[in-house]
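K.L.:
Following my numbering, the numbering of the sequence shown begins with 4 at its first residue and continues without gaps.
Hints are not guaranteed to be accurate.
Listed next, the in silico DSSO-like pairs over lysine-lysine satisfying Cα-Cα at most 27 Å (straight line) [to be verified]:
| no. | residue 1 | residue 2 |
| --- | --- | --- |
| 1 | Lys98 | Lys32 |
| 2 | Lys98 | Lys11 |
| 3 | Lys32 | Lys11 |
Cβ pair distances, simulated, as ranges [to be verified]:
| no. | residue 1 | residue 2 | range |
| --- | --- | --- | --- |
| 4 | Glu63 | Gly20 | 37 to 47 Å |
| 5 | Arg86 | Gly31 | 33 to 43 Å |
| 6 | Glu74 | Gly42 | 36 to 46 Å |
| 7 | Gly14 | Pro50 | 33 to 43 Å |
| 8 | Glu109 | Glu74 | 36 to 46 Å |
| 9 | Phe90 | Ile5 | 11 to 21 Å |
| 10 | Asn72 | Thr40 | 17 to 27 Å |
| 11 | Pro50 | Glu74 | 19 to 29 Å |
| 12 | Asp71 | Met4 | 30 to 40 Å |
| 13 | Asn72 | Arg41 | 22 to 32 Å |
In case anyone wonders, no lab produced these hints; they're calculated from the structure.
No residue lacks a Cβ here, since even glycine has one placed at the ideal position from N, Cα and C.
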Amino acid sequence: MIVTFRSKAAGEVIMLGEHARPLLELAGKMPEIAAGTRGVFTPEQLPEAIRRIEAAIGVEKEPRYDEDNPEEKEKAASHVGLRQRAFPLLDMLRKAQAQDVNVTWES
């Protein structure tokens with residue numbers, strides 16, 4: 004499932020549902036990611052959503068890998084943390100907050 008985030012403040016952000024759902028939950032939304040699902044962050048909801056995602060990023064622990072082990076080195080190279088996953092959406096939320104506009108999503 005694909006989730007598309009839209010706002011007048013930024014270009015579209017497109018994510019797989021398995022990556023978008025945890026971010027939406029962190030931001031205080033509990034969507035059922037199914038075809039046709041829609042939602043919105045209003046300008047009033049943006050500060051709290053941003054705060055919650057930033058707080059989760061702040062406490063995330065990066066996994067440690069043994070760089071001398073080829074398997075571990077491969078895992079380290081392919082690891083994508085919350086900070087990286089959240090960046091496009093967080094950037095959109097911040098821009099929308101600055102312009103006082105909605106952020107919508109649909110799957």
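K.L.:
None of the hints should be skipped; say for each whether it holds.
P.N.:
Do the hints match the structure? See the list:
A distance of roughly 19 Å separates the Cα atoms of Lys98 and Lys32; the hinted pair therefore holds under the 27 Å criterion. Annotation: proposed proximity of Lys98 to Lys11 holds, straight-line Cα distance about 9 Å (limit 27 Å). Pair hint Lys32 plus Lys11 holds up; C-alpha atoms about 20 Å apart against a cutoff of 27 Å. Here the CB-CB span from Glu63 to Gly20 is close to 21 Å, at odds with the stated 37 to 47 Å.
For Arg86 and Gly31, the hinted distance range of 33 to 43 Å is not satisfied, since their beta carbons lie about 19 Å from each other. Distance hint check: the CB atoms of Glu74 and Gly42 are about 39 Å apart, consistent with the given range 36 to 46 Å. A hinted range of 33 to 43 Å for the beta carbons of Gly14 and Pro50 is inconsistent with their spacing of about 22 Å. A C-beta distance of roughly 39 Å is found between Glu109 and Glu74, which places it inside the suggested range of 36 to 46 Å.
Between Phe90 and Ile5 the CB atoms are about 18 Å apart, so this pair conforms to the stated range of 11 to 21 Å. The supplied range of 17 to 27 Å is broken by Asn72 and Thr40, whose beta-carbon atoms lie about 41 Å from each other. Checking the proposed 19 to 29 Å range against Pro50 and Glu74 shows it is violated: the Cβ atoms sit about 42 Å from each other. Asp71 and Met4 have their C-beta atoms about 39 Å apart, which keeps the hinted 30 to 40 Å range intact.
Distance hint for Asn72 and Arg41: a CB-CB separation of about 45 Å, inconsistent with the stated range 22 to 32 Å.
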